[in-house]
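*Asks:* Protein chains in written order, with the working numbering: chain Z, 14 to 125; chain G, 46 to 153.
Worth flagging that the hints you see were computed from the coordinates, not collected in a lab. C-beta atoms are modelled at their ideal positions from N, C-alpha and C, and glycine is treated no differently. It is possible that some hints are incorrect.
One side only, chain G facing chain Z, incomplete, derived with CB under 7 Å [unchecked claim]:
| id | residue |
| --- | --- |
| 1 | A58 |
| 2 | P85 |
| 3 | P89 |
| 4 | V91 |
| 5 | S94 |
| 6 | V96 |
| 7 | F144 |
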Amino acid sequence: EVQLVESGGGLIQPGGSLRLSCAASGFIFNMHWMHWVRQAPGKGLVWVARIDSLGRETTYADSVKGRFTISRDNARNTLYLQMNSLKDEDTAVYYCVRGVHWGQGALVTVSS
Amino acid sequence: DVQMTQSPSSLSASIGDTVTITCQASQDISKFLNWYQQKPGRPPKVLISDVSNLPTGVPSRFSGSGSGTDFTLTIFNLQPEDVATYYCQQYDDLLALSFGGGTKVEIK
Numbered sequence: 014e015v016q017l018v019e020s021g022g023g024l025i026q027p028g029g030s031l032r033l034s035c036a037a038s039g040f041i042f043n044m045h046w047m048h049w050v051r052q053a054p055g056k057g058l059v060w061v062a063r064i065d066s067l068g069r070e071t072t073y074a075d076s077v078k079g080r081f082t083i084s085r086d087n088a089r090n091t092l093y094l095q096m097n098s099l100k101d102e103d104t105a106v107y108y109c110v111r112g113v114h115w116g117q118g119a120l121v122t123v124s125s
Numbered sequence: 046d047v048q049m050t051q052s053p054s055s056l057s058a059s060i061g062d063t064v065t066i067t068c069q070a071s072q073d074i075s076k077f078l079n080w081y082q083q084k085p086g087r088p089p090k091v092l093i094s095d096v097s098n099l100p101t102g103v104p105s106r107f108s109g110s111g112s113g114t115d116f117t118l119t120i121f122n123l124q125p126e127d128v129a130t131y132y133c134q135q136y137d138d139l140l141a142l143s144f145g146g147g148t149k150v151e152i153k
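Between the sequences and the hints, there should be enough to build the whole structure, so can you do that?
*Replies:* This is the structure we're talking about:
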């Protein structure tokens, strides 16, 4: 069974940094592209970033480009999202996604 | 990037009604479209994959159709447990997934 478990969320001040992790199990991690998708409170789903299976190619939504970095450690079956220069509008639940499989999400709240 | 336009944004229907939600892509996405159901406080759950395939456990009252740029999710015989928000998602462009704006379904 595919399992994706996010961690690392929390309350952070504007301008701060946070790193999310997603522990993957139940599938061969290094064979799959992975994505981060976020959902602001009461709003819809927004794609954030994607990484290929080997971690060599990444793409980002314009809203996070230059501030967020997606990466992966295939030896640890873990996906990461490094978030820098956080803004109020980054407040959201962040989901780790593989295909149609979603984690439970990690809440990131950016507020002073 | 592929833009997904979903309508309506909300609807209210009676138990037993048939409900239709549409999703239009800004370019041809062939059959690379999924539908998700999301209930409050929960992650999205795949309802239909590849336009019309129901994963194991999804009730047969859910149906998907379409191809190219126009897609439809139909809920037959609406049930109380179908109250949720529904999203379409394209994955033709795997470099940048995109979602419709969502349709909130309520019971009259």
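*Asks:* Compare the structure with each hint and give your call.
*Replies:* Hints versus structure:
no., hint, result
1, A58, "violated, 21 Å"
2, P85, "violated, 10 Å"
3, P89, "holds, 6 Å"
4, V91, "holds, 4 Å"
5, S94, "holds, 6 Å"
6, V96, "violated, 13 Å"
7, F144, "holds, 4 Å"
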